[in-house]
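S.K.: Please put together the full structure from these sequences, using the hints given.
For reference, the chains in residue letters:
There are 2 protein chains.
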Amino acid sequence: MSKLISRTQKAYLAGFLDGDGSVYVQLKPNKTYKYGFQIAMYIVLYQSQKSQKSFEKVCSLIGFGHMRVRKDGILEYIIGTQEGIEKFIKIVDQYVIMKKPQVQLLKKIVALKNQISSQKDFRELAKLIDTFRGLNYSKKRKVHILTP
Amino acid sequence: MSKLISRTQKAYLAGFLDGDGSVYVQLKPNKTYKYGFQIAMYIVLYQSQKSQKSFEKVCSLIGFGHMRVRKDGILEYIIGTQEGIEKFIKIVDQYVIMKKPQVQLLKKIVALKNQISSQKDFRELAKLIDTFRGLNYSKKRKVHILTP
Chain G
2 MSKLISRTQK AYLAGFLDGD GSVYVQLKPN KTYKYGFQIA MYIVLYQSQK
52 SQKSFEKVCS LIGFGHMRVR KDGILEYIIG TQEGIEKFIK IVDQYVIMKK
102 PQVQLLKKIV ALKNQISSQK DFRELAKLID TFRGLNYSKK RKVHILTP
Chain D
2 MSKLISRTQK AYLAGFLDGD GSVYVQLKPN KTYKYGFQIA MYIVLYQSQK
52 SQKSFEKVCS LIGFGHMRVR KDGILEYIIG TQEGIEKFIK IVDQYVIMKK
102 PQVQLLKKIV ALKNQISSQK DFRELAKLID TFRGLNYSKK RKVHILTP
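Residue numbers (my numbering), protein chains in the order written: chain G, 2 to 149; chain D, 2 to 149.
No lab work stands behind these hints, which were simulated from the structure alone. Wrong hints could be hidden among the right ones.
Given that identical chains are not distinguished, each listed pair holds provided it fits within a single copy or across any two copies.
[Stated by the list, open to error] Straight-line C-alpha distance at most 30 Å; calculated DSSO-like pairs for lysine-lysine: (1) Lys-128 <-> Lys-35; (2) Lys-128 <-> Lys-54; (3) Lys-51 <-> Lys-108; (4) Lys-72 <-> Lys-128; (5) Lys-72 <-> Lys-109; (6) Lys-109 <-> Lys-54; (7) Lys-114 <-> Lys-72; (8) Lys-58 <-> Lys-91; (9) Lys-54 <-> Lys-121; (10) Lys-54 <-> Lys-32; (11) Lys-121 <-> Lys-51; (12) Lys-51 <-> Lys-88.
M.R.: Shown next, in the form of structure tokens:
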């Protein structure tokens, strides 16, 4: 579900992400993956369930994420596929202000991920993923990064 | 401090307001005012103090509000003057999605406020202000509306 989206809609989404969104990446131990870890990336927009209808309007501008209701009544619109992440980065890249470092770093990580051909490459990537720790410091939303 | 601001910056700010902002109006009992109440209007953007520097970048696009640090470490960028409110409404009016009803209602309230010439007019306005209750229902951020 890809959409034509205007410059002002892109800028709006960048503002929304900066206001109440998060960008993170984690290494999840998983033996079925070649290097023993899955690289899970997420871009999430949050909002109270009480504003669900109008939040859905915002999310429909994107279209390639999915909605989840947390037990505490917070809605999460989650973009969790690599394809979705790459698309969303293209949308907000030019307009994001506060989360610019995270978006830039995620862009780098995606590019590196696409080029991995050895354990050494993977270790480099893992190091880069580890630097996310310094960017996301919210107490409220924990960053789960596992160092291999 | 008025600024030239681009369409995408306006849309960004509308997105930020929808993500983590609030719009509210309250009647404060105050005998020094002609009809016994002050009409206090606020548009507020929120962010963690930990992101102060980058949040200041966002707020500098606006320029006519003021920053306050709450005891819980949340920064509030408050636009609390009528002039500021009117300016900010003009900025986001075309782009806001989730808080469109609040912005529209505040616009109406400002217009009516400028035309008050009797106690009856004021009562009409107070009724309108009261309808804000139905729009802002956040548990986290209390809406203080006093009915005269």
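S.K.: Now look at each hint and say whether the structure bears it out.
M.R.: Going down the list of hints, with the structure as the test:
Proximity of Lys-128 to Lys-35 under the C-alpha cut-off of 30 Å is restricted to the intra-copy arrangement: shortest distance 17 Å within a copy versus 65 Å between copies. Taking the shortest alpha-carbon separations for Lys-128 and Lys-54, only the inter-copy value of 26 Å comes in at or below 30 Å, while the best intra-copy value is 40 Å. Taking the shortest Cα distances, Lys-51 and Lys-108 sit within 30 Å of each other only across copies (23 Å), while inside one copy they are farther apart (33 Å). Taking the closest pair of Cα atoms, Lys-72 and Lys-128 never come within 30 Å of each other, the shortest separation being 33 Å inside a single copy and 36 Å across copies.
In the homo-oligomer, the alpha carbons of Lys-72 and Lys-109 never lie at most 30 Å apart, since the shortest distance is 33 Å inside one protomer and 37 Å across protomers. Taking identical chains as interchangeable, the C-alpha atoms of Lys-109 and Lys-54 lie at most 30 Å apart only when they sit on different chains, with a minimum of 23 Å there against 34 Å within one chain. Taking the closest pair of Cα atoms, Lys-114 and Lys-72 never come within 30 Å of each other, the shortest separation being 33 Å inside a single copy and 42 Å across copies. Taking the closest pair of Cα atoms, Lys-58 and Lys-91 come within 30 Å of each other both inside a single copy (20 Å) and across two copies (22 Å).
Taking the shortest alpha-carbon separations for Lys-54 and Lys-121, neither the intra-copy value of 47 Å nor the inter-copy value of 36 Å comes in at or below 30 Å. In the homo-oligomer, the alpha carbons of Lys-54 and Lys-32 never lie at most 30 Å apart, since the shortest distance is 40 Å inside one protomer and 41 Å across protomers. When the C-alpha separation of Lys-121 and Lys-51 is checked against a cutoff of 30 Å, the pair qualifies neither within a copy, at 47 Å, nor between copies, at 34 Å. Taking the closest pair of Cα atoms, Lys-51 and Lys-88 come within 30 Å of each other both inside a single copy (28 Å) and across two copies (28 Å).
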